[in-house]
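J.: All chains should be built: construct the whole structure from the sequences, respecting the hints.
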Amino acid sequence: MAGLTRRDTLLSGTAALIGAATLPLIGAHAADLDVPTADVKSPDFKAESGATLRVLRPAKFVDPDEVLFRANTKKFSDQTGIPVRVDFVGWEDVQPQTAVAANTGAGPDIIIGFGSAPQIYANKLIQMNDLAEYLGAKYGGWHQLAQIYSCRWGTQDWLAIPMGGSGGASVYRVSWLKEAGYDSIPNDHAGFLEMATKLKKNNHPIGFALGHAVGDGNGFANWLLWSFGASLTDEKGKVSLDSKETIAALNYARELYPQMIEGTLSWGDPSNNKAFAAGDISLTFNGVSIYYVAKNSSDPKLQAIAADTNHQVPPLGMAKKSPSSSLVVNAMAFRHTKYPNACKEYLRFMMEAPQYAPWLAGCLGYWSNSLKAYGKMAFWDADPKLKPYIDSMDTPYYDSYKGPISAASSAVAANYTLVDMFASVATGNATPEAAVKTAARQAARYLKG
Amino acid sequence: MDATTGELILEWKPRRRHSRISRLFDWKPFLVALCMLPTAGLLLIFLTYPLGLGLWLSLTDTTIGQPGEYIGLDNFTSLFSDPVFWGAVWYTIFYTAVATVGKFLLGLWLALLLNHHIPFKAFIRAIVLLPWIVPTVLSAIAWWWIYDPQFSIVSFVLVDVLHWRSHYIDFLGSPWSARWSLIVANIWRGIPFVAITLLAGLQTISPSLYEAALLDGASSWQKFRRITVPLLMPILSVALTLSVLFTFSDFQLVYAITRGGPFNSTHLMATLAFQRAIPGSQLGEGAAIAVSMIPFLLVATLVCFFGVGRRKWQQGSDND
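Quick note, the sequences are listed as chains A and B, same order. All residue numbers for the first sequence refer to numbering that gives the first Met the number 0, where the first residue is 0 and numbers rise by one. All residue numbers for the second sequence refer to numbering that gives the first Met the number 0, where the first residue is 0 and numbers rise by one.
Simulated from the structure, these hints should not be mistaken for laboratory data. Just to be clear, a hint being listed does not mean it is correct.
Taking beta-carbon pairs under 8 Å as the criterion, some of the chain A residues facing chain B (in silico) [said to hold, decoys possible]:
1) ALA101
2) ASN102
3) THR103
4) GLU261
5) GLY262
6) LEU264
7) LYS273
8) ARG444
We put the beta carbon where it would ideally sit given N, CA and C, even for glycine.
T.: Shown next, in the form of structure tokens:
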């Protein structure tokens, strides 16, 4: 962790000092489209003769995701003569198929998997230092979350190439916030609570999932925790939930809950999307999907909602950077592949501007860039409402913050330990002190107590 | 060449060739083993192996992606001190008991109604089966909408159409209302199975028994109590056993509607086992929860069979 912190500090320090204008100054030039790049010599990955590749990745989010990914792959095959087969599998199948490939030493050469996979299968993967360092140098560096998920824990060794992340932001109705006297969402807890109270009074309550919703429930619980400076574990992975910061977050949840729409205790992942689209709530945390669906709908009612919708980074509270994480997709090349160089060359090709830029732009914010330079593309300006998603991966927060990423931390999220802790206190079914102790005990069943 | 020699050779050769195979096939143990092989193979591959693997996994600390090591009964001892596990055990028993009673009372009532001559009898019987025919996941999603805190049809009718209430009902928003809501959905789904099974049983009861009772001046209740119930018992015990097993190992309704929430109050053992094993990656612990269901299922089956389905009922004889 120490190494990582040093690197993080270095990166954020550099970014703060030099700012956005850095890239052109260090000798960058406009590459394909409008991505500023530095002049860096491309590593020469000589693909093995007779190489063929099989790639497995999660199913598309939106049509362009698959269409452009396939087009880029075809371009690679045309240029190099290396046939590549890409299989798109359902999201829930990615994890088991990764496990099978890792354990049997057979199957796809490259798997584009989720979150913690590179850490779990670290010893089965080809190290990517040369490629990651080249890409980082050329495209303005990697976002913090990309390094956290893709470098072997506590080192600078790249286990995978982070291709992007799907992040969350506050999604809100502009006119209803204006009606309550706000042009933007307050960044402090007290201000946010006051705004929620006013919105509820105007019959436009906010709504966050407190039920067993894997993405949204855990996302809201993590926001509460991180924005109060609390964390599930300490740097060593020991459960550190039982703290005064967590108690403060729980007390805040108890105050915020009455200002929310009724029924959030039973909300699943699609519930906030449905409630927002029906005009029942004025604000929630979500990916770009609510806006995307409304904007592309033929229903004038939904189009009107899209016109009245905007996004903002979730309220920071006591955090310095967005207290929310992203679902990161990592490209892993397995040691069982017969063509490691071809794998690297394929990934290099896919991450370079002529391919990556149109793919990212086509996905319209569904994926956020892992390399900083791609955040400077003009398409983000074409629809300013997408801007809060540009820096989704510019955050130090991840699922098992602050401890090491492991299968155990995924188990805590899958068991809704944090969601249930907040839900039980918010509804008055448990005191903050009792709830935090129960949750810490549950978490310690998997993590170190 | 004379005919006798030829005959001898002809008789001898086929007998020699025939005897080896025929002797093997005449050997009873071989024949039995051969006939049982396909079934035994299927059972071994699709039943014994998964069950054995589940038992073995429950004794290891296997996670998805990492082969585990043997840890004895550690999973079970850790579960015994886990309140979420005991909550799931308690709710599974409660859910099974209440839903089964509900299904049998309503199912029997429906079966008695359907046993009468009513217009469009065949059509109505087919309709009754619908909840059973529809894939559970689909009906679960329908119930999920019915119980939705914002879009419930029940709340819509009560609040916006009839104006009987001012607020939408939060069916799944507190532990007890969520528990009862799930039980109602389960009863709805289970009634057709009970009703149709009992209806089949009712139709096997000879009308002459009712005629005799009528001549003796028996009341409707007496006819039900003395003729219908005893003669229905054999099929009732089978239906009860199956129904208890289905309900105890229910997964889809709860997983689709609440996923065990709010705060783990509606977890069944099956949903908790899945949650811990697959999304939570802890295969060993999930397997231990699944294995813990076996004793409960055995007891439930034995109670149904020996408690309700006593031999005298199964054979339709007297108390003697």
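J.: Compare the structure with each hint and give your call.
T.: Now for the hints, and whether the structure bears them out:
no.	hint	result
1	ALA101	holds (6 Å)
2	ASN102	holds (7 Å)
3	THR103	violated (11 Å)
4	GLU261	holds (6 Å)
5	GLY262	holds (2 Å)
6	LEU264	holds (5 Å)
7	LYS273	holds (7 Å)
8	ARG444	holds (7 Å)
When the structure is compared with the earlier hints, a violation turns up for hint 3 alone.
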